[in-house]
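Residue strings, one per chain:
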Amino acid sequence: MRKQLVVIGGGPAGLAAAVAAYDAGVRDLVVLERESEAGGILKQCVHNGFGLTRFRESMTGPEYARRFLDEARARRIGILTNTFVTRLTPEKRVSYVNEKGAFCCEADAVILAMGCRERSKGALNIAGTRPAGLFSAGTAQKYVNIYGHLPGKRVVILGSGDIGLIMARRMTLEGAKVECVCEIMPYSGGLGRNIAQCLDDFGIPLLLEHTIVSVEGRERVEAVVIARVDEKRQPIAGTERRVECDTVLFSVGLIPENELTKGAGIALDGQTKGCLVDDGRETEIEGVFACGNVLHVHDLVDFVSEEAEIAGRSAAEYLLHGARAKRYLPVLAGENVSYIVPQRLDADGQTPVQLYFRVKSALRGAVISVEAGDFRKSVKRIAVAPGEMERVTVVPSQLSGAAALRVSVFREE
Amino acid sequence: MYDVAIVGGGVTGAFCARFLMRYKVSVVILEASDDVAAGASAANSGIVHAGFDAASGTLKAAFNLRGNRMMQRVCAELGVKYLENGSIVAACGADEERMLADLLARGEKNGVEGLRLLSEEEAHATEPALADGVTGALFAPSGGIVCPYGLTIAAVGNAMDNGAELLCGFTLTAAERSGEDWRLFSEDGRSVMARVVVNCAGAGAERVARVFGDDSFRIGARKGEYILLDRTAGSLVTHTVFPVPSAAGKGVLVSPTVDGNLIVGPTSVEEETPDVSLRREAFAEIAEKAAHIVEGIAFGEMITSFAGVRSYCDRHDFIVGWSRVAGVYLAAGIESPGLTSAPAIGVYIADMVAEKLAAERNEAYSPIRRKPPVFREMTDAERAEMIARDPAYGRIVCRCEQVTLGEILSALRTQPPAHTLDGVKLRTRAGMGRCQGGFCQPAVFNLLMREYGYRAEEVTKKGGRSYVITGGEL
Numbered sequence: 001m002r003k004q005l006v007v008i009g010g011g012p013a014g015l016a017a018a019v020a021a022y023d024a025g026v027r028d029l030v031v032l033e034r035e036s037e038a039g040g041i042l043k044q045c046v047h048n049g050f051g052l053t054r055f056r057e058s059m060t061g062p063e064y065a066r067r068f069l070d071e072a073r074a075r076r077i078g079i080l081t082n083t084f085v086t087r088l089t090p091e092k093r094v095s096y097v098n099e100k101g102a103f104c105c106e107a108d109a110v111i112l113a114m115g116c117r118e119r120s121k122g123a124l125n126i127a128g129t130r131p132a133g134l135f136s137a138g139t140a141q142k143y144v145n146i147y148g149h150l151p152g153k154r155v156v157i158l159g160s161g162d163i164g165l166i167m168a169r170r171m172t173l174e175g176a177k178v179e180c181v182c183e184i185m186p187y188s189g190g191l192g193r194n195i196a197q198c199l200d201d202f203g204i205p206l207l208l209e210h211t212i213v214s215v216e217g218r219e220r221v222e223a224v225v226i227a228r229v230d231e232k233r234q235p236i237a238g239t240e241r242r243v244e245c246d247t248v249l250f251s252v253g254l255i256p257e258n259e260l261t262k263g264a265g266i267a268l269d270g271q272t273k274g275c276l277v278d279d280g281r282e283t284e285i286e287g288v289f290a291c292g293n294v295l296h297v298h299d300l301v302d303f304v305s306e307e308a309e310i311a312g313r314s315a316a317e318y319l320l321h322g323a324r325a326k327r328y329l330p331v332l333a334g335e336n337v338s339y340i341v342p343q344r345l346d347a348d349g350q351t352p353v354q355l356y357f358r359v360k361s362a363l364r365g366a367v368i369s370v371e372a373g374d375f376r377k378s379v380k381r382i383a384v385a386p387g388e389m390e391r392v393t394v395v396p397s398q399l400s401g402a403a404a405l406r407v408s409v410f411r412e413e
Numbered sequence: 001m002y003d004v005a006i007v008g009g010g011v012t013g014a015f016c017a018r019f020l021m022r023y024k025v026s027v028v029i030l031e032a033s034d035d036v037a038a039g040a041s042a043a044n045s046g047i048v049h050a051g052f053d054a055a056s057g058t059l060k061a062a063f064n065l066r067g068n069r070m071m072q073r074v075c076a077e078l079g080v081k082y083l084e085n086g087s088i089v090a091a092c093g094a095d096e097e098r099m100l101a102d103l104l105a106r107g108e109k110n111g112v113e114g115l116r117l118l119s120e121e122e123a124h125a126t127e128p129a130l131a132d133g134v135t136g137a138l139f140a141p142s143g144g145i146v147c148p149y150g151l152t153i154a155a156v157g158n159a160m161d162n163g164a165e166l167l168c169g170f171t172l173t174a175a176e177r178s179g180e181d182w183r184l185f186s187e188d189g190r191s192v193m194a195r196v197v198v199n200c201a202g203a204g205a206e207r208v209a210r211v212f213g214d215d216s217f218r219i220g221a222r223k224g225e226y227i228l229l230d231r232t233a234g235s236l237v238t239h240t241v242f243p244v245p246s247a248a249g250k251g252v253l254v255s256p257t258v259d260g261n262l263i264v265g266p267t268s269v270e271e272e273t274p275d276v277s278l279r280r281e282a283f284a285e286i287a288e289k290a291a292h293i294v295e296g297i298a299f300g301e302m303i304t305s306f307a308g309v310r311s312y313c314d315r316h317d318f319i320v321g322w323s324r325v326a327g328v329y330l331a332a333g334i335e336s337p338g339l340t341s342a343p344a345i346g347v348y349i350a351d352m353v354a355e356k357l358a359a360e361r362n363e364a365y366s367p368i369r370r371k372p373p374v375f376r377e378m379t380d381a382e383r384a385e386m387i388a389r390d391p392a393y394g395r396i397v398c399r400c401e402q403v404t405l406g407e408i409l410s411a412l413r414t415q416p417p418a419h420t421l422d423g424v425k426l427r428t429r430a431g432m433g434r435c436q437g438g439f440c441q442p443a444v445f446n447l448l449m450r451e452y453g454y455r456a457e458e459v460t461k462k463g464g465r466s467y468v469i470t471g472g473e474l
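The listed protein sequences derive, respectively, from chains G and V.
As numbered in my numbering, the first sequence has no gaps in its residue numbers, which increase by one up to the final residue, 413.
As numbered in my numbering, the second sequence has no gaps in its residue numbers, which increase by one up to the final residue, 474.
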């Protein structure tokens with residue numbers, strides 16, 4: 001089989017990218033989706049708050065996904081569900097399987113939109129037993145919201161990522177008692193609004209600089225031992241406390257699912273764990289683009305959609321107008337910036353480019369500083385936090401002569 | 001009434017059962033847990049030892065060597081992955097190098113072939129990831145690796161395909177003489193009759209022996225803690241790298257697994273009662289010890305950590321053969337190298353029991369267990385063919401390990417069938433990858449419900465009361 005464009009993943013990123021590519025003129029395209037329905041992880045996010053930034057209305061996850069699915073269907077974009085991509089080659093050959101067989105598709109362009117996975121409990125140095133009752137927060141969310149099973153009744157949550165916060169509220173509403181949320185860092189990795197609406201509103205304690213050191217229970221979880229940690233994130237002896245519970249949820253980070261990307265030999269950014277891309281979200285391999293949580297973990301799906309549309313339009317331009325030689329301007333993460341995407345800009349770009357980045361530590365009163373050669377720009381923020389993505393806009397062609405662009409975040413004097 | 005009841009569905013019991021099926025005897029395996037390979041057979045290093053470690057003249061040394069020589073063929077017959085990757089004992093400094101010479105001499109006396117001392121240069125050339133401090137090594141080309149639970153499940157399955165029965169959840173608590181025979185009682189009230197009993201109860205072997213009035217040996221428990229790293233870290237070493245052994249055992253090794261992961265461990269912790277909990281200090285201890293022999297282990301790629309209980313015997317050797325109680329045979333005190341020795345112990349016990357029962361050869365016995373199809377090991381053409389035959393092999397359930405619906409259904413329908421999440425995991429690797437079941441666990445859960453008609457609150461992780469859902473239906 002041959003296709004102009006193959007989009008790997010039918011979640012919010014893949015759907016928005018496909019729609020944008022279609023609207024820019026691409027007609028020969030297909031979306032490959034591993035689950036039985038498109039929509040990605042949004043399908044199990046029954047809470048609201050999606051779309052506030054983009055549509056100025058509050059939707060549930062399925063509603064938000066539906067909006068993009070309807071757009072794709074209106075354009076008769078093919079979506080192959082229950083279809084799993086097994087390999088991507090640098091030559092843009094996409095191998096996939098479904099119940100009809102094992103196939104290979106020669107693509108002129110590929111958009112990577114595989115999303116991310118939860119960091120597993122197995123990756124943590126937690127002592128004790130390995131009984132039933134230990135769940136990734138997203139797995140528990142699937143049991144509750146898709147299948148209607150409540151994993152347990154007394155819950156301790158490790159990590160204050162957004163899914164953990166959402167599940168603290170969800171399980172409370174379904175009758176479970178959430179004893180506490182332990183966060184090893186001095187700040188939460190989740191959105192401020194989720195801490196307010198999911199913990200504070202229900203009186204669930206958020207224990208910062210705390211972790212679970214061990215799990216007890218032979219068959220099912222019976223308790224965990226939690227402890228305060230020092231500045232090296234090591235448990236402090238003497239601060240241990242036993243908390244009885246039958247369930248532990250882990251919300252300890254999301255990792256872009258780049259196994260196919262690695263298989264194609266595409267370089268990843270050590271910080272984002274996603275591809276290195278330019279402002280069109282083109283990776284190091286010409287004609288391969290990436291967007292959404294496979295590129296970097298977003299805080300809001302609204303920004304996923306925005307980014308996916310950039311990738312979709314770039315793929316269309318590549319397909320319809322051919323590759324263009326680009327001069328690149330490297331984008332660097334400066335002081336107090338953990339990562340920045342895209343990692344390089346088309347130096348001759350005329351249109352404004354949004355740079356997405358995250359700060360390393362929370363600040364009240366912050367200045368975002370952009371430096372590129374003689375170019376200087378600073379933007380004030382009331383507060384910044386690692387859990388919330390920041391954005392700043394630049395026009396590449398206005399940075400003439402700069403060797404690199406650097407974004408830093410300082411405390412406001 | 002069975003001819004033979006085997007107490008314990010670990011790797012030793014599995015091979016006793018499998019080789020007994022070469023005779024016209026009826027066999028039942030009594031397993032206390034809800035699945036086979038529930039104890040040390042699931043949580044060990046998966047090493048097929050060459051045989052230089054065991055003291056010369058012991059049963060351990062003899063069965064180790066025989067088991068090692070049988071392993072390749074047994075694995076081929078049972079469709080289990082086996083790799084003769086060679087073992088290296090890495091010595092740091094002159095004192096340890098002298099011990100290598102002792103190991104070499106012992107190994108040669110034990111009959112191990114191909115042993116060779118390597119100079120510092122040769123050692124580092126053979127295994128480039130060896131730590132700088134390694135000054136010499138013993139190379140054992142006949143050392144290998146195997147999946148220990150895969151081997152156990154396959155051996156039980158092959159025994160069952162040849163007519164053996166498996167009773168899970170059968171915790172032996174009492175035994176009564178009935179003429180020449182034994183009536184065996186389970187905690188839950190079930191009982192079976194057998195002419196002969198074989199005690200293969202691993203860590204529980206002493207307790208089981210006492211049920212028959214035999215208190216002639218003690219089984220202690222030692223905890224071994226392990227770290228398992230993702231496949232991305234698995235190619236660091238090609239050989240199994242051991243430190244020089246000490247009184248506490250063979251020490252913390254670093255080895256690839258047959259599935260491409262890297263395993264590091266075990267620690268060795270003495271404990272009064274068996275316990276599979278990991279100590280807090282285990283992580284640092286494993287990393288520190290491993291660093292003496294291998295450099296560059298990517299501990300950041302850890303996908304799980306676990307502990308196993310390894311039994312050991314006060315006689316410091318295997319106890320294999322007749323017991324002081326008529327009609328009861330022992331395969332007890334099977335500490336390391338028990339996995340390697342299991343096929344040899346199985347043959348030995350089977351022949352002995354068959355002779356006692358004057359059993360004839362079973363001409364219908366087939367040593368072959370057809371390997372269930374494994375999607376991730378197939379070429380695209382093989383996949384297409386498989387999917388054409390059964391579309392369920394085109395549905396990926398576990399994305400990390402690329403396990404298909406077809407494989408999971410096969411694990412539920414092939415002897416010995418999986419009844420739990422862990423049972424499916426051990427048979428198919430669904431949930432054993434980098435996300436540790438985050439995505440596929442609910443799907444496997446639903447398949448268990450569908451296949452067995454379980455209600456949600458009846459599905460367990462690993463049998464017993466390890467219920468997955470305890471908050472009820474919404």
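For the record, the hints were derived by calculation from the structure and aren't laboratory data.
Keep in mind that a hint or two might mislead.
[Said to hold, decoys possible] With a Cα cut of at most 25 Å, we get these calculated DMTMM-like pairs of lysine to aspartate or glutamate:
#: 1; chain 1: G; residue 1: K153; chain 2: V; residue 2: E457
#: 2; chain 1: G; residue 1: K177; chain 2: V; residue 2: E458
#: 3; chain 1: G; residue 1: K177; chain 2: V; residue 2: E301
#: 4; chain 1: G; residue 1: K100; chain 2: V; residue 2: E457
#: 5; chain 1: G; residue 1: K232; chain 2: V; residue 2: E301
#: 6; chain 1: G; residue 1: K100; chain 2: V; residue 2: E458
#: 7; chain 1: G; residue 1: K262; chain 2: V; residue 2: E176
#: 8; chain 1: G; residue 1: K43; chain 2: G; residue 2: E209
#: 9; chain 1: G; residue 1: K153; chain 2: V; residue 2: E382
Each hint tested on the structure:
| no. | hint | verdict |
| --- | --- | --- |
| 1 | G:K153 with V:E457 | 13 Å, holds |
| 2 | G:K177 with V:E458 | 22 Å, holds |
| 3 | G:K177 with V:E301 | 33 Å, violated |
| 4 | G:K100 with V:E457 | 35 Å, violated |
| 5 | G:K232 with V:E301 | 20 Å, holds |
| 6 | G:K100 with V:E458 | 34 Å, violated |
| 7 | G:K262 with V:E176 | 62 Å, violated |
| 8 | G:K43 with G:E209 | 32 Å, violated |
| 9 | G:K153 with V:E382 | 46 Å, violated |
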